[in-house]
Amino acid sequence: MSIELIIGILNIVLISTTPLVFAGIGELVTEKSGVLNLGLEGLMLVGAVTGFITLVLTGNYFYSLFLSIISGVILSGIFAFLVLNLMTNQIATGLALTIFGIGLSAMLGKKFGGTPIDGLNPYYFIVISFLLVFFVAYFLSKTKTGLIVRAVGENHNSAYALGYNVIKTRYLTIIFGGVMSSLAGYYISICYAPMWQEGMTAGRGWIALALVVFATWKPWRLLVGAYIFGGVAIMQMNLQAIGVKLPGQFFNMMPYLATIIVLVFISSNKLRLKLSAPSSLNIPFEKNQ
Amino acid sequence: MVFLIKIQLREDYSNLIFYLSPLVAVTLTLFFGSFIFLILDLSPIESFKIFFISPISNSYGISELFVKATPLAIIALGLSYCFKNNIYNIGAEGQLTMGAIFGGGIGLLFNDSTSVFLLPLMILFGAIGGAFWATIPAILKIKFNTNEILTSLMLTYVALFILDYFVVGPWKDPAGYGLPKSMPFPDAGRLPVLIDGLRVHIGVYFALIICLITYVIYNKTLFGFKLKVTGLSSKASQYAGFKYKNLIFYTFIISGVCAGLAGLFEVSGPIGLLYRDISPNYGFTAIIVAFLGRLNPFGIILSSLLIALTYLGAEDAQLFLKIPSAVGFVFQGLVLFFLLGTDFLNKYKVFIK
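Note that the protein sequences, when read in sequence, are chains L and U. In this text, residue positions in the first sequence follow this note's numbering: the first is 1, and each later residue adds one. In this text, residue positions in the second sequence follow this note's numbering: the first is 290, and each later residue adds one.
These aren't lab readings, by the way, just hints derived from the structure by calculation. Note that this is a predicted model, so its numbers are computed, not measured. Don't be surprised by glycine CBs; every beta carbon is placed ideally from N, CA and C. Be careful, since some hints might not be right.
Label pairs and their computed distance ranges (CB to CB) [to be verified]:
hint	chain 1	residue 1	chain 2	residue 2	range
1	L	A161	U	G350	54 to 62 Å
2	U	S522	L	Q240	52 to 60 Å
3	U	K509	L	I283	52 to 60 Å
Start from the sequences and build out the full structure, keeping to the hints where you can.
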C-alpha cells in the first residue's frame, strides 16, 4: 500500500465518521443525565432537511445552520416535555420521535431532492467535533455543572434532595443532545453528501446510540469508538475493491455485535456497571413519590 | 394573574380514561394532521378523504387493509406479553426478519416440492427463527442482566444484514438479472389467499386465533395473572414467589414466535420470495399498535386496523396528492406522541388555580 492510498483512506474515514461523533457525544450527555433518547435518527434527518432547505432558499450558510439547530431544539424540546413533564415511557417516546422525524423530513424535503448546492468544507466540522469531545470530557469530569449532570443521572432522588433541579438539568442535556444530532444531520446533507435524499442518514442514528454504550459513557472512548466503527465501514469497501472475499454485510454488522459484547461485559460485572452506566438511565423522575 | 398548574397522583384509577385516551390521541392526531395538510396547501377534508376513506372504499382496499393489519396485529399481540411484564423487546423487526430467513430458507431448500407439508414446515421454521432471535436478548438479560432494550435493537440490524447477505449472496436467484432477491417459493410454499384475486391471506385467521388465545391467557390462567402482577409491582411478584427470570424467558419467546410468524406470512403470502425490504418497519410500528391497543388483545386488533390504514392512506396520498408516502410515518409518530401524552391524565389529576 502506498502512502497516498493510506492518507486517502484516513481522509475518507475522517470525513465519514464525524456525524457519529456529533450524534454520539450529544447522546452521551443526555444519557449521563439519566435519559435514553432513541430519537437520534429522526432528529438527524430533520436537522439535515431543514438545513438543506434553508440553504437552497436563502443561499446563506449561517441561516441554514441556525435553523437546523432550531429544529433540533424544538424536536428534542417536545421529547423533553413528554418524558420529563408528562413522564412518558422514554423508549416509546424516542421511537415516536424517530418515526415522526423520518416522515416529517421526507415530507419537507420532497421538492428539494436532487437540488444541487455548494457544500461546506467538512474540515471545519471535523475540527469542531474533536474540540467538542474535549469540552464534553472536561465539562463532565472537571466542572460543577458537569458533576450535577452526573449526579442527576446516577440518582435523581438524591440529586433532588440536595436541591438540584432534576427537570431543568435534563431539559438542558436533552436539548444539547438534540442540537448535536441536528448538527450531525446538517453535516451529512451540507458537507458530506452534499444533497438531500429521503432517509439519507442511513441508520447512523442507531450506530451513534450503539457507540455511546460501546464507549461505556466516556467521551474519549466515544471518539475512539466512532473511528473504529467508521474505519470498519470504510475498510469494508476497500477490502471489497482489492478482492477480499469476506461478505461486506459482516463488516456492517460489526458495530452492533461489538456493542452487544460490550453490553454483556459491562453488565455481567456489577462493579463495572456502577462505574460507567448512569444508574437512573431510563427511569422516570416523579417528584410526588 | 398567574395560573398555577398543580398535579396530583390519582388515587381512583379510571378505566374510562384508560380506554378513552386512544380516542383522544387519534382525534388530536387528525387535528394536527389537518394543519399539516393546510401548510402543504391541500384541503384537509379532501386530503383526509384520500387518506382514510378512499383506500378502503372497495374490496381490493379492504383486502389490502387486512394484508397490512395482519402482521401488525400478530407482532403487537406478541409484544403485549413483554410490555405487560415491563420487558422492552423493541427488536421485533429483527425477529420478523429471522422468521422470514428461517421459514423462507425452508421454502427455497425444497423449491421443487409440491407436498402439502411444505407450508406447515415453513410456518414452523418461521416461528423457530423468530423465537431463536428473541432468545438471545432474553438469555443475556437473565444470565448477565444485560439491557434488553439495547440488545434487541442491535440484533435487529444484525438480522437485516444477515438477510441482505443471503439475498445478495448464496440465495440470489440465478435467473434474477443480478437483482438482490431469491427465487420465488414453490406454489406449495405460498400462503393460501382467502378470496381469489385479492391478497388477503389465511394469516388473518392466525391473528384472530392468537388474539383469542391471548385473551384467555391474560384473563383465565395463572401465567397471565403472574404477568399482570409483575407488570404492576415487581415487589409484589417477588413476594408471591413468581420466578421473574422464567417470565422474561417465556414472554420473549412468545413475542419472538409471533414476530417470526408475521415475517414468514409476509414472505410466503403477499411477497412470495425473499428480498431486502420485506417489512416496511412492521416490527417498530407494531410497538405503536400495542400501546395504542392498551395491551388488550381486542384493542390491538382495532389499533392494527387503524395503523394499517395509515400505510394505505400514505400510498394513496403519494399517488393522488403527490406527497411522499412517508407522511404515514408522521401520523404514526403523532398518534404515539399524543397517546403517551394523554396517558398522563390517566395517572395524574391536573388542577388550574
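Do the hints match the structure? See the list:
1. Between A161 (chain L) and G350 (chain U) the CB atoms are about 58 Å apart, so this pair conforms to the stated range of 54 to 62 Å.
2. Distance hint check: the CB atoms of S522 (chain U) and Q240 (chain L) are about 54 Å apart, consistent with the given range 52 to 60 Å.
3. As the Cβ distance of K509 (chain U) to I283 (chain L) is approximately 33 Å, the hint placing it in 52 to 60 Å is violated.
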